Each structure stands twice: as structure tokens, then as C-alpha cells.
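Asker: Spelled out, the chains give:
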Amino acid sequence: MFSILTILLMFYFCKNNIITLLISIEMLLLTVTLKFIYLGGYLNDISPTMFALLIIILAGAESAIGLSLLVSYYKLRGRITHIL
Amino acid sequence: MNDIIMKYMCLYIYLLFMKIMNIMSGISSILAMGLLSPVQSMLSLMILFLSTSFCLYLQGFELIGLLYMLMYVGAIAILFTFILSLLNIEYLPKNNIQSTSYLLFIFLIMPLDLSYEADSLIMNLFNINNELITIGDLLYSEYAIIFMLSSIILVMSVVGAMSVIKC
Chain A
1 MFSILTILLM
11 FYFCKNNIIT
21 LLISIEMLLL
31 TVTLKFIYLG
41 GYLNDISPTM
51 FALLIIILAG
61 AESAIGLSLL
71 VSYYKLRGRI
81 THIL
Chain L
1001 MNDIIMKYMC
1011 LYIYLLFMKI
1021 MNIMSGISSI
1031 LAMGLLSPVQ
1041 SMLSLMILFL
1051 STSFCLYLQG
1061 FELIGLLYML
1071 MYVGAIAILF
1081 TFILSLLNIE
1091 YLPKNNIQST
1101 SYLLFIFLIM
1111 PLDLSYEADS
1121 LIMNLFNINN
1131 ELITIGDLLY
1141 SEYAIIFMLS
1151 SIILVMSVVG
1161 AMSVIKC
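Residue numbers (the working numbering), protein chains in the order written: chain A, 1 to 84; chain L, 1001 to 1167.
These are calculated hints, taken from the structure and not from any lab test.
What you are looking at is a predicted structure, and each value in this text was computed from that prediction instead of being measured.
Hints may be right or wrong, so weigh each one.
Estimated spans, in silico, between C-beta atoms of each pair [as the list claims (entries may be wrong)]:
#, chain 1, residue 1, chain 2, residue 2, range
1, L, L1070, A, I46, 18 to 28 Å
2, L, A1144, A, L76, 18 to 28 Å
3, L, F1017, A, Y73, 33 to 43 Å
4, A, I25, L, M1006, 14 to 24 Å
5, L, Q1040, A, I25, 44 to 54 Å
Each residue gets a CB set at the ideal place from its N, CA and C atoms; glycine is no exception.
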């Protein structure tokens, strides 16, 4: 929760930039997965590790789609900063 | 006696290394967000991934640590760097964050959020022996449908990326 709020606030304060947005989404997924894994180690459970694997796969797919959107946006507008 | 001293020295160095990795991940997560140019923020993102995977490896989650290094540094960061070299962006570092909000960022939980539960090594050391065997069993028995669905998601993402760039 704190990580979600902090990353949204950071993205609001920075000048809006699609690469920064993608990087912040990656860091958000990383933080949430790290919480899952630590909780799994604390409870001696294996299912958060499986969850972490699935989240890694989803993060890869998400970054591929996001970067292709970035390239097509750049071809359309000619810039990627100051999107709002 | 000498053995015990050596053991405590090793434990101390281990904990110190883990603390350093935690602090490094927090600092690089702040640096990756906004205050540098895109190339430098990519570099700090790689440092963040590396330090996180070192932390996970040291705390006993060995398979997940190695997978993080493989996936994030080997695939996603290289993808980001390739896209950065493809586009034509200004590469000069600008001050993207107002300087009054540094203090807010530093105190807003992001370093603490990544360095959660730092000293839990002893608790986790006894169940790491057959993590890979357990995960392989579960992937082929209980999570088989989810495994196939994730592979379909990967294929669809590749096809979607190509179709988005094409038109």
C-alpha cells in the first residue's frame, strides 16, 4: 500500500515521461512480489513463490506491451515527454 | 573457540552485506524515478534489480533470487536499454523533481518498503533444500492450467507488441 502510494506520488511530482511510468510500474511489481516472497518465507509456504513466478511472467509481458506502445507513440507524436 | 569466532565473523559480514544491499536498493529506487536522465535512471534500475536479487539470495530464497537476476536484468532491462537507444531523446540530466520534495520522498517509506524483514535468515535456512523440486512438482500438477495460461499470455504479448508497432 505504501509502495503504491509512494510510486504514484513520485510519478505525479516528476515531469511526466512514459519511460518513468514504465520504470515505476516495474518497481511497483518488484516491491509487491518481494512482499509476497517474504511473507511466504515467514509462514513457511510455497504458494507465494508460485505467485512470484506468475508475476514475473506478467511483468515481462507488460513491459513488452508498454515498450511497443512507447515506440508507436513516438512514431505518432515525435516526443515522449510532457504527455499530459 | 576459534571456530566460534570465525562463525560469528561470517555471520556479521553476512548481515552487513545484506544491510548494504538493502540501503543500496532503497537509494537506487529513489534515483530511478525521476531526478536523472533516462539512461542513468535505467542504470539505477539495474542496480535496484541486482541488489534486490542479492538480498533474496542471501536470505535463503535462492531460486527466486537467481530468477530475478535472469528475468529482470537479462530480459527486461536489456529491453528498456534497447528501446532507449532506438528513440531520440534528450540525454542531458535535468532536475525533474522539485528540490523541496526530496525530503518527502526520502521519508516516504520507499527505502523501508524494499528493506522489509532483513534479519530473517535463520528462519528460512531449513526449507531451501528442495525448493526447485517442490516448484517443479507444483507446476506440473496443481498449477498446470495456470502455467499453460501464462505461456499463452506470453505468446499473445509478443503478437500484440508486433501488431502495435506495425500499424
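Asker: Return the numbers of the hints above that this structure violates; sort them in rising order.
Answerer: 2, 4 and 5
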